[in-house]
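K.L.:
Listed here are the chains, written in short residue letters.
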Amino acid sequence: MTATSLQFKQTSEINNLARLGAERLTLKHGKASIIENLDVSLPEGKVTAIVGPNGCGKSTVLNGLSRVHSPSSGVVLLDGKDIHSLPSKEVARRLALLPQDTLAPDGITIEELIRFGRHPHQSLLKQWAMDDQQAINYALNAADLEGLKDRLLDTLSGGQRQRAWIAMSIAQETPLLLLDEPTSALDLGHQIEVFELIRNLSRQGKTLAMVVHDLPSACRYSDHIIAMKKGEIITQGSPKEVMTKELVRELYGVECDLIPDPMTGSPILINMKRVRS
Amino acid sequence: MISWFYIAPAQRPLFSVFVSALFVLALCCFCSLLFGAGGLSLQASFQTLLGNGSADAQFTVFHLRANRTLVGLFVGLTLGIAGALMQAVARNPLAEPGLLGVSAGSSFAVAITLVLGASTATLTVGVAQFGALLGCLCVLSVARMQGQQNDPIRLVLAGAALSSLLLAVTSLLLLFDQRAADEIRFWITGSVAGRDTNTLFSVLPSMLIAIICILYTAKPLASLALGERVAIGLGHKPQRVRAVVIVAVALLVGGATAIAGPVAFIGLVVPFAARALVGPDIRRTLWLCLPLGPIIVISADVVSRLVAQPAEMPLGVLTAIIGAPVLLLIVRSRRMPTL
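Those protein sequence lines, which keep their order, are chains A and B.
Following numbering that gives the first Met the number 0, the numbering of the first sequence begins with 0 at its first residue and continues without gaps.
Following numbering that gives the first Met the number 0, the numbering of the second sequence begins with 0 at its first residue and continues without gaps.
Looking at chain A on its own, in the form it has when it is part of the complex (with noise of 0.2 Å):
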């Protein structure tokens, strides 16, 4: 077997596993396209994170994914079908989203917002059943919010509600999950707290892709970076290849040194400036 061949089998190998993803994907908001022509998938198994900068459509592209923005041309594809061709429902017992534009009701507690997960589960005549609870109990566990299944949820911190949220989609039972910046109004200890989360989430076999804007944490806490700029993919791969100096300072303006962290390795930013263009 030759060099090429095996190179394209892996390729080709990779392209089946991915899950979900786009080809010459189109999105458009009333006429102005945000996303043209983009091809993109996500790598199984992994989290992604997708960067770049304020607008550059980051946000755009996992609404396009998670079907709730539908494309102008070009086709989503779960599992090598149309996604829009799909029942909804069908969809979301395979693929769950947690927007950002998340809105909490007075008074829920934690174990009424996590029941909604189980909505793609149920129908008119299944309301409610065993494997509900026990869905509800797994997500419970798994972010860590069995002690506090009982509270309002407009009585917790910030990162135990944003816990909550995924523990919703957990609840979901899909093996995808797709996060629109899960952290952005988090302190650092309860970014760390929601990011740590999602890597166990990974290591239990989930497909995750968030969309983050702090490089250092993107970096430290996904296997796969997609580095967006004005609605195009400039860069792809894993972390440690695909962040440089140069990627930083095409996606910001921003002038920086890039070392690694001494105890896990992945890049730091440091000596940071802001070039004018």
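In case anyone wonders, no lab produced these hints; they're calculated from the structure.
Just to be clear, a hint being listed does not mean it is correct.
Unchecked claim - Listed below are the simulated BS3-like cross-link pairs for lysine-lysine, each with C-alpha atoms no more than 25 Å apart in a straight line: (1) 218/B / 88/A; (2) 236/B / 30/A; (3) 218/B / 148/A; (4) 236/B / 27/A; (5) 236/B / 125/A; (6) 30/A / 218/B; (7) 236/B / 88/A.
Since this is a predicted model, take the numbers as computed values, not measurements.
Guided by the hints, dock chain B onto chain A, whose structure is given.
P.N.:
Same frame as chain A, now just chain B:
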């Protein structure tokens, strides 16, 4: 029951609150049969209920009063539920069929058919429901024009404008047609007295459709309260859910208006009270609206018979007296409840 006071509304046991409300409703119905503006004394009414009344007394209690109690029951049920649904769809605690021009759309449609030659007796419920649907679509689309921005007051303003426009055109239509004006004058001041209970039966099939709509949408509607995208992520279709709910609202409001005429504020007060008792989850709120709507309408009707004796105050006047302060209370509250 006292201990409920200490529990957050959303955590109170739904079943016990519901059953207690049913008891209160039974009491209201009893009072409604007992009290009246007419010459029949309280004691005579009570004796009639026990079965020892004169023929006149029996007619008053078991026909006049029982009918208006029945109509009150129906109007309270439909408008309370419609209000709760509309508030959930518009995500706005001020959304109320009466204020938003849904009832006005309904009366407008009825007025047009009257002018075109129908009489109230032959009036079909469908016309009122169709008018309600148009009113509902109008006001929601106007309020939605400003993109995603959801300002509760804007919706009410749009509704107020639509209401006064429709009422003005209705008055104009009636100006040209004396016969229709005479027929409609009685009907257009919303009331549960002297209504034709036969109309109730013609409404029932469409109520069945409304119930099916509600069963189908209760759960997705509850998840919409978590955010549009969360609902999509859970496999629901917000657009379709909203459309089905709007149809249900139109059927309910149209049905109520066809029978009792436009009655404002019930759809505001009932869900407000239901949320105060069992919290904002629409599935819980709807259950509680079932007894609360009739409780409020029937007790308002009883009071309206008693305050201005020997005359009667129109029901609509009393519901406005209760409803307007509640509206102000919601608007004035520092933090408007998010739905």
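K.L.:
I'd like to know which numbered hints this structure contradicts. Please list them from smallest to largest.
P.N.:
6
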